[in-house]
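Asks: Sequence:
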Amino acid sequence: MNKYEQIVAEIKAASNIIITSHKSPDGDSVGSSLGLLYFIEKLGKNATICHPDPAPGFLDWLDTSAFLTMTDESEAITEAFSKADLVFCLDYNGTNRVGHDMQVLLEGLKCKRIMIDHHLDPEDFPDILVSETTVSSTAELIVELIEQSGNSALLDKKIGTPLYLGILTDTGSFRFPSTSPRTHEILAKLLASGVAHHLIHEMLSDNNTESRLRLQGYAMCEKLEVMEENKVAIISLSKEELAKYNFQKGDTDSLANQALTIKGMKAAIVFTERDGIMKISFRSKGQENPVNIMAAENFNGGGHMNASGGMSELSVSETLDKIKRLVPKYFPAG
Numbered sequence: 001m002n003k004y005e006q007i008v009a010e011i012k013a014a015s016n017i018i019i020t021s022h023k024s025p026d027g028d029s030v031g032s033s034l035g036l037l038y039f040i041e042k043l044g045k046n047a048t049i050c051h052p053d054p055a056p057g058f059l060d061w062l063d064t065s066a067f068l069t070m071t072d073e074s075e076a077i078t079e080a081f082s083k084a085d086l087v088f089c090l091d092y093n094g095t096n097r098v099g100h101d102m103q104v105l106l107e108g109l110k111c112k113r114i115m116i117d118h119h120l121d122p123e124d125f126p127d128i129l130v131s132e133t134t135v136s137s138t139a140e141l142i143v144e145l146i147e148q149s150g151n152s153a154l155l156d157k158k159i160g161t162p163l164y165l166g167i168l169t170d171t172g173s174f175r176f177p178s179t180s181p182r183t184h185e186i187l188a189k190l191l192a193s194g195v196a197h198h199l200i201h202e203m204l205s206d207n208n209t210e211s212r213l214r215l216q217g218y219a220m221c222e223k224l225e226v227m228e229e230n231k232v233a234i235i236s237l238s239k240e241e242l243a244k245y246n247f248q249k250g251d252t253d254s255l256a257n258q259a260l261t262i263k264g265m266k267a268a269i270v271f272t273e274r275d276g277i278m279k280i281s282f283r284s285k286g287q288e289n290p291v292n293i294m295a296a297e298n299f300n301g302g303g304h305m306n307a308s309g310g311m312s313e314l315s316v317s318e319t320l321d322k323i324k325r326l327v328p329k330y331f332p333a334g
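No gaps in the numbering here: position 192 of the sequence shown is 192 in the UniProt record's numbering, and each next residue is one more.
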């Protein structure tokens with residue numbers, strides 16, 4: 001019995017299943033959670049999705065009615081955890097990634113915990129670990145779960161749509177080096193299952209609000225700084241600037257990738273002032289320009305080689321100064 005077959009056996013034996021993922025949800029965490037939920041339902045079981053906070057607005061077209069969040073339903077989540085006999089940990093490699101309140105619940109569990117993730121350096125807390133750091137996304141691993149457990153016949157449009165979304169967003173529309181031949185094989189299987197890929201692209205690309213576009217325009221026009229010698233683009237946005245443009249979660253998610261499209265750029269760094277801290281996104285191109293090291297060594301962060309996150313408790317100006325001082329070390333001129 002391989003790990004995927006073992007996971008399906010655990011699902012079939014469980015009565016109260018919970019699906020968790022990380023704070024600040026993205027397309028992969030939301031997509032993999034929904035895809036797994038629909039697969040579990042196809043197996044004749046029920047599950048509850050418990051996330052630390054709500055999905056960003058650009059994913060409103062998905063049916064997230066099954067989600068409980070610590071933001072709005074903390075009591076319901078606490079009750080669900082008290083009854084759980086199987087918990088999935090999707091798209092994160094350590095318990096601190098779910099926020100303090102859910103971390104306490106997660107670490108206090110007596111039932112089995114299954115991690116399915118593609119980030120580096122996973123912690124050893126799960127009972128069953130599926131960690132594939134070269135794979136494009138957790139959504140791709142959920143497809144592998146369905147395929148390699150002998151349940152490929154269950155893959156349909158409902159399951160496949162959020163999984164396609166997860167792969168699409170975590171590969172930067174299939175641009176990142178993690179997009180492998182196997183990724184495209186899986187995408188073909190999703191299309192064969194009935195997934196309307198063009199509609200997913202339309203819902204993601206044609207779902208802007210006026211305020212989001214104005215914020216992005218302001219960021220590019222007024223806040224973009226380019227360190228020409230080092231080929232690094234930086235954007236900083238204060239809480240006052242975000243408020244001016246009626247910021248909603250997800251409004252700045254694409255800024256780092258946009259800045260990275262500037263000809264010759266090695267990396268792009270975007271940080272925003274939220275909840276009293278600076279939340280930082282790092283993006284880069286190529287194996288020779290990793291950003292996860294800079295994030296881990298200086299900003300209590302980490303992630304993938306070309307896509308990482310971090311945070312700073314310094315002010316906007318102090319954080320900007322710190323980043324500018326560090327850039328030459330990690331991205332030397334020339």
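By construction, these hints were calculated from the structure, which means they are not laboratory data. All values derive from a computational prediction rather than experimental measurement. Positions of the beta carbon are idealized from the N, C-alpha and C atoms, including for glycine. Among these hints, one or two may not hold up.
To be verified - Simulated restraints, written as ranges between beta carbons of each label pair:
(1) E229 with G108: 26 to 34 Å
(2) H100 with L314: 37 to 45 Å
(3) G334 with P177: 18 to 26 Å
(4) H184 with L120: 34 to 42 Å
(5) L326 with E132: 24 to 32 Å
(6) F125 with A196: 18 to 26 Å
(7) N46 with E229: 53 to 61 Å
(8) A196 with A153: 35 to 43 Å
(9) A333 with N46: 39 to 47 Å
(10) E229 with G194: 44 to 52 Å
(11) G44 with C111: 31 to 39 Å
(12) G108 with E228: 24 to 32 Å
(13) D72 with E132: 42 to 50 Å
(14) S205 with D72: 42 to 50 Å
Said to hold, decoys possible - For lysine-lysine, the following BS3-like pairs were computed, each having C-alpha atoms within a straight-line distance of at most 25 Å:
(15) K324 with K239
(16) K158 with K279
(17) K110 with K83
(18) K249 with K329
(19) K239 with K279
(20) K158 with K189
(21) K322 with K285
(22) K324 with K223
(23) K157 with K12
(24) K223 with K112
(25) K110 with K23
(26) K249 with K223
(27) K322 with K239
(28) K249 with K263
(29) K223 with K279
(30) K23 with K239
(31) K83 with K112
(32) K223 with K189
(33) K189 with K239
Asks: For this structure, which hints from the list above don't hold up?
Replies: Of the numbered hints, 1, 2, 4, 6, 8, 9, 11, 12, 13, 14, 16, 18, 24, 28, 32, 33 do not hold.
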